[in-house]
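Peer 1: Protein sequence lines correspond, in order, to chains A and B.
Going by full-length UniProt numbering, the first sequence opens with residue 1, and the numbers climb by one from there.
Going by full-length UniProt numbering, the second sequence opens with residue 1, and the numbers climb by one from there.
Keep in mind the hints are simulated off the structure, nothing from the lab.
Each hint should be verified, as a subset may be incorrect.
Stated by the list, open to error - Estimated spans, in silico, between C-beta atoms of each pair:
1. B/Thr-199 x A/Leu-100: 23 to 33 Å
2. A/Gln-88 x B/Leu-194: 21 to 31 Å
3. A/Lys-42 x B/Asn-45: 49 to 59 Å
4. B/Leu-194 x A/Gln-87: 27 to 37 Å
5. B/Pro-147 x A/Ser-113: 53 to 63 Å
6. A/Glu-220 x B/Glu-261: 23 to 33 Å
7. B/Asn-167 x A/Gln-87: 28 to 38 Å
8. B/Asp-122 x A/Gln-88: 12 to 22 Å
9. A/Gln-83 x B/Phe-192: 50 to 60 Å
Using N, Cα and C, we set each Cβ at its ideal position, and we do this for glycine too.
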Amino acid sequence: MVKQISYKQFGAKAILIEWQSIISDEILQDILLFKSKINLDKNIAIIDLVQGYNSLTVVYKNDIIKFEEKVNQLKAIYQLPTQLVKQQFYQWEIPVCYDLQFGIDLEEMATSSKLDLEEIIRLHSEALYRVYFIGFLPGFLYLGGLNSNIFFDRRPNPRLNVPKGTVAIGGKQTGIYPNASAGGWNIIGRTPIHFFDAENENPCFAKAGDYIKFKSISIEEFKELEIAINEKNHQPLKTLYNA
Amino acid sequence: MLKILKTGFLSSIQDKGRFGFASKGVPISGAMDAYSADLANAILNNAETDAVIEVTLGNCTFQFLADTTICITGGDFTPKLNGTTIQLNKIIPIFKTDILTFQKVNYGVRCYLAVKGGFLTDQILGSKSYYSIITNSNSIHKGDLLPYHELREISSKIQSSIKINKNHYKETEIACYKGPEFHSLDDEQKKFLLETTFTISKDNSRMGYKLNELLVNELPQLLTSSVFPGTVQLTKSGTLIVLMRDCQTTGGYPRILQLTEQAINQLAQKTSSDSFKFKVKLI
C-alpha cells in the first residue's frame, strides 16, 4: 500500500501528520515507526508527540518559522531505514471480574442482543486487543479488536460516576476507566489493575502498540488482587509479543 | 510556609505545565493566563518555571509564616496586606504572620501570587501544577501549608509598580489560526464563525469554555486525534468548545480554530457572559 501522508500546521508550534482516515494495524505500525524515528533524531527540538488513530502531532519547542523546512525534515526522517528502529511490544494480561455486581449492564445487554451473558463475557475476554494510543484521560487506552457481535451503542444518558477500573463497551470500542469519571459506555466488569499511577516514573505500564488480553476472574480473586495491588505486591503479567 | 486560612472559588498551584507525557494521556495544565504568571515571576526575578498560586475570582485569605517578598499580577481582586490595600505588579515585602486577603473583583478572573523562589510543593511528572488525578486535588484547601524559602534580608528599597496593558482584560478580538478542520466548513459557516459575537456560557472551567451561540453543522466526527489548549472544537449539536489548560490530550470533534498563546491568556481573564469575536490570523 502506498501510504498517503499529509502535513498540516496546527497552531504556532505543532505539525499534524495525518494518514488515511481508517483504523488499521498497518497505519498504527507506520505511525509507531515514524514516532520512533523522530524520537531517535537528535536535531529535532520537540517537546511532545501526540498520537491518534490516524495521526501523529509533532509539538515543537519554539514557534515554527519555516513550515516547509520542518516538513522536509520530517519527510527525511520518515524515509530513514526502518532497521534502525527496534520496537518491542508486550502482551498484558488484565484480570477482569465480570460478576453482575460490577457488570451492571450485562443483563440488559444480553436481553437486547439475544446473546447470553456467558457468550458476551467469552467474546470479550477471548479477543486480543491492540493499544492504538493512550489519550483523553491519563491512562485511558484506545483499544482495537472488539468482536463485532458485541458492539453496543452508548447509553442514552451518561452516568455521572463510573468507578475506577470499570471495563465497558461503547459502540465499536471497549475500554477501561483509569479513574472514576462520568461515562456513557455499557459497563460489563471491573479490573483491580491501576492503569495510571502518577508516582511511577512511567505512569502507565502500557504503551501504543502493546496488546491487551482480558482474563475472567471471580469476585474472590478480584478482592485478593485488589489487596495485593494496594500493597504494591502485584504487577500485571506481561509477555513479549512476537509478531 | 503559606497557610491557607480561607479558600475562595478555586485556587491552585500552577507552573508552566507538564510536557512529554501526552503518550500517557496526561494533560498539559499550567497557569491559565501564562502571561500574568510569567510577569509575577519576572518582577521577582524568579525562574520562569517557578510555581505560583492561581486565584480565581478572589475571596480568600492566606497567612505567611516566614519572611519573603511577593508579587501579585493578573486580575484585580482588591488585595490587602493586614487590611491595607497593596498594589499589583510590584514587589511587596512580607513579614512573618502577615495576612493577605483577596476580596472584591475589580477586573479579571484570575490573579497570580508569586513568592521569591516560587512555591516548593511536590513536582510530579515534571510539574507542580495541580490536576486531580496527578496531584490528588485540583485546588488548595483551608489549612494547607505551602512551603517556600524564608528570605533573610528584605530590601526596603521602594519599587514602582509596572504599568500593564489593560487591553489584556478588555480585548474583544481573540486571535486564532485556522484549525485542521477549518476547511470543512462552508462559506456561510465560516462567515458566521468569524462575524458572530460569541458569549461564554456558565459551563467554563480550567478544562474548557463552552460558548452560547450555536454553529449549525453536519461535519463528520473525526477519528480521535490530538487537541491542545486553545483548540476550538465544534460538536455535532453546534456548540463551540474552546479547550483550556487542563484539557484532555485527544478528542474526536472537528478542530476548527486554534487560539494563539496570547489569546488563551486573554480568554483566561474572561468568564460567563463575557463576549468576544474570533479573529483569524495567517500562519
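Peer 1: Decide, hint by hint, whether the structure agrees.
Peer 2: Going down the list of hints, with the structure as the test:
Distance hint check: the CB atoms of B/Thr-199 and A/Leu-100 are about 47 Å apart, inconsistent with the given range 23 to 33 Å. The beta-carbon spacing between A/Gln-88 and B/Leu-194, approximately 49 Å, falls outside the hinted interval of 21 to 31 Å. Separation of A/Lys-42 from B/Asn-45 is about 33 Å and departs from the stated range, judged on CB atoms against 49 to 59 Å. A C-beta distance of roughly 44 Å is found between B/Leu-194 and A/Gln-87, which places it outside the suggested range of 27 to 37 Å.
B/Pro-147 and A/Ser-113 have their C-beta atoms about 56 Å apart, which keeps the hinted 53 to 63 Å range intact. Checked against the hint of 23 to 33 Å, the pair A/Glu-220 and B/Glu-261 fails, with Cβ atoms roughly 54 Å apart. Take B/Asn-167 and A/Gln-87: their Cβ atoms lie about 50 Å apart, and the range 28 to 38 Å is violated. B/Asp-122 and A/Gln-88 have their C-beta atoms about 32 Å apart, which leaves the hinted 12 to 22 Å range violated.
Checked against the hint of 50 to 60 Å, the C-beta distance between A/Gln-83 and B/Phe-192 comes to roughly 52 Å, which is consistent with it.
Comparing the model with each numbered hint stated earlier shows that hints 1, 2, 3, 4, 6, 7, 8 do not hold.
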